[in-house]
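Residue numbers (this note's numbering), protein chains in the order written: chain A, 3 to 149; chain B, 82 to 263.
Since the hints were derived computationally from the structure, they do not count as laboratory data.
Treat the hints with care, as some may be off.
[As the list claims (entries may be wrong)] In silico DSBU-like pairs for lysine-lysine, Cα to Cα no more than 35 Å straight-line:
#1 B:Lys261 x A:Lys36
#2 A:Lys107 x B:Lys188
#3 B:Lys141 x B:Lys176
#4 B:Lys215 x B:Lys141
#5 B:Lys141 x A:Lys36
#6 A:Lys107 x B:Lys215
#7 B:Lys215 x B:Lys152
#8 B:Lys152 x B:Lys188
#9 A:Lys107 x B:Lys262
#10 B:Lys176 x A:Lys107
#11 B:Lys152 x B:Lys141
#12 B:Lys261 x A:Lys107
#13 A:Lys107 x A:Lys36
#14 A:Lys36 x B:Lys262
#15 B:Lys215 x B:Lys262
#16 B:Lys188 x A:Lys36
#17 B:Lys254 x A:Lys107
#18 B:Lys152 x A:Lys36
#19 B:Lys188 x B:Lys215
#20 B:Lys215 x B:Lys176
#21 B:Lys176 x B:Lys188
#22 B:Lys176 x B:Lys152
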Amino acid sequence: MDLKAAVLTAALVFGATAGTAPATLQAATPERVKVTGEVIDSWCYLTEIMYPEGSAHHLCAVWCAAGGIPVGIKGDDGQVYFVLKTGSDTQNVANPGVLEIQSHKVTVDGDLYTRDGLNYLLISEVVSDEGIVNLTHDEYGIQPFGD
Amino acid sequence: MRIVRTIAGTALALIAATSVAQGAESWGLPGEEIVRFEAKVVDVLCELSGDCPANCGEGKRQLGLVNDDGKLILPLKNQVPFAGAADEPIDFCAKRVVADGLMVTNKGYTFMALQFVREAPDGPWRRANRFQNKWAERNGVAPDSDAASQWFYNDPRVEDVIARDGKLGLGPKADEDYAKKQ
Chain A
3 MDLKAAVLTA
13 ALVFGATAGT
23 APATLQAATP
33 ERVKVTGEVI
43 DSWCYLTEIM
53 YPEGSAHHLC
63 AVWCAAGGIP
73 VGIKGDDGQV
83 YFVLKTGSDT
93 QNVANPGVLE
103 IQSHKVTVDG
113 DLYTRDGLNY
123 LLISEVVSDE
133 GIVNLTHDEY
143 GIQPFGD
Chain B
82 MRIVRTIAGT
92 ALALIAATSV
102 AQGAESWGLP
112 GEEIVRFEAK
122 VVDVLCELSG
132 DCPANCGEGK
142 RQLGLVNDDG
152 KLILPLKNQV
162 PFAGAADEPI
172 DFCAKRVVAD
182 GLMVTNKGYT
192 FMALQFVREA
202 PDGPWRRANR
212 FQNKWAERNG
222 VAPDSDAASQ
232 WFYNDPRVED
242 VIARDGKLGL
252 GPKADEDYAK
262 KQ
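With the rest of the complex left out, here is chain A (with noise of 0.2 Å):
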């Protein structure tokens, strides 16, 4: 058992650990997932401040994964997935591998943590990359501004 193991073995058995508040104990165990959906800008697409989706929304979404708001994948279940690893890569600030396929639509495999009412995935494949498919532009242009 390595220490990693060790120390959420004894989390588990005593409660808590110094530092580590009970809630962190109920979401230790991740399910396995796989996941088809759309590479988007969580910020754009949950507060619908423009529209957040496909080809219309690609230059906002690599600013916005630039700029270091969470990535997520919209689900074809309807779900929103935060990312917050790519293999065994763990930066999820401003990853440059992540902002090379926003809204790309895409199918991964990896590791599900769900936690006050948020969905938390760490990708473990990409499966399947079909770029963009999602051809928004002609009906709502480029956004945000337009051009």
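Once you've looked at the hints, dock chain B against the given chain A.
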């Protein structure tokens, strides 16, 4: 499209206007509520999975706020256009802060826009706009320059992606074809 521009422009103007206020203000978002609460700053990935690098990942990881009820709150936004909140409470990793901003509940999800933060209980307030200074420092421009305030038009990472994929993400020719139709 004109309506979309107006809404986006209004939202950006509201964000800018809030930067001179002394407490959180409405941004006119659906399901928003002005809030101020104490919480502990955590690295979200660490909090969930136990993968915990030093100092909350040194700015490379999303930061969350665990309130006194043990609820993990995710700030999505700060006060700088098109920028997230990870730069704002990083100096308070694993410490308690007072967070001031908007709690937004929409589409079935609750998240936060962080407008001000201070170390609890009574540290000096900071506007949640440190991203701009850090971006300016990384890119060798003055923090109050036009280049920094409109960082998204000047970011080399963005420029590289858009030069290759186009604004629509479909390649430069798709941008040209789209422009011809306008």
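How the hints compare with the structure:
1. A threshold of 35 Å between alpha carbons decides the hint, and for Lys261 (chain B) with Lys36 (chain A) the separation of about 40 Å lies outside it, so the pair is violated.
2. For the suggested pair Lys107 (chain A) and Lys188 (chain B), the alpha carbons sit about 21 Å apart, so the restraint of at most 35 Å is met.
3. Taking the CA atoms of Lys141 (chain B) and Lys176 (chain B), the gap is about 18 Å. The hint holds against a cut of 35 Å.
4. Proposed proximity of Lys215 (chain B) and Lys141 (chain B) is supported: the alpha carbons are some 13 Å apart, at most 35 Å.
5. With a C-alpha separation of about 25 Å, the suggested pairing of Lys141 (chain B) with Lys36 (chain A) holds against the 35 Å cut-off.
6. Note on Lys107 (chain A) and Lys215 (chain B): the hinted pairing holds, with a Cα-Cα distance of about 32 Å set against a maximum of 35 Å.
7. Simply put, Lys215 (chain B) and Lys152 (chain B) have alpha-carbon atoms about 29 Å apart, close enough for the 35 Å limit, and the pair holds.
8. Note on Lys152 (chain B) and Lys188 (chain B): the hinted pairing holds, with a Cα-Cα distance of about 19 Å set against a maximum of 35 Å.
9. Only pairs whose Cα atoms come within 35 Å are accepted, and Lys107 (chain A) paired with Lys262 (chain B) is accepted, the gap being roughly 26 Å.
10. For the hint linking Lys176 (chain B) to Lys107 (chain A), the alpha-carbon distance of about 38 Å lies beyond 35 Å, and the restraint is violated.
11. For the given pair, Lys152 (chain B) sits about 22 Å from Lys141 (chain B) by alpha-carbon distance, which is consistent with the 35 Å threshold.
12. Taken as a hint, the Lys261 (chain B) and Lys107 (chain A) pair is honoured in the structure, with Cα atoms around 27 Å apart against an allowance of 35 Å.
13. A C-alpha spacing of about 13 Å is found between Lys107 (chain A) and Lys36 (chain A), which places the hinted pair at or below 35 Å, so the restraint holds.
14. Restraint check: the Cα-Cα separation between Lys36 (chain A) and Lys262 (chain B) comes to about 39 Å, which exceeds 35 Å; the hinted pair is violated.
15. At most 35 Å may separate the alpha-carbon atoms for a hinted pair to count; Lys215 (chain B) and Lys262 (chain B) exceed this at roughly 39 Å.
16. Restraint check: the Cα-Cα separation between Lys188 (chain B) and Lys36 (chain A) comes to about 22 Å, which is no more than 35 Å; the hinted pair holds.
17. Only pairs whose Cα atoms come within 35 Å are accepted, and Lys254 (chain B) paired with Lys107 (chain A) is accepted, the gap being roughly 21 Å.
18. Our distance criterion of 35 Å between C-alpha atoms is met by Lys152 (chain B) and Lys36 (chain A), whose separation comes to about 26 Å.
19. Taken as a hint, the Lys188 (chain B) and Lys215 (chain B) pair is honoured in the structure, with Cα atoms around 32 Å apart against an allowance of 35 Å.
20. Pair hint Lys215 (chain B) plus Lys176 (chain B) holds up; C-alpha atoms about 21 Å apart against a cutoff of 35 Å.
21. Between Lys176 (chain B) and Lys188 (chain B) the alpha-carbon distance is near 31 Å, which keeps this suggested pair within the 35 Å criterion.
22. With a CA separation close to 16 Å, the supplied pair Lys176 (chain B) and Lys152 (chain B) stays within the 35 Å bound.
In the structure shown, a violation is registered for the earlier hints numbered 1, 10, 14, 15, in ascending order.
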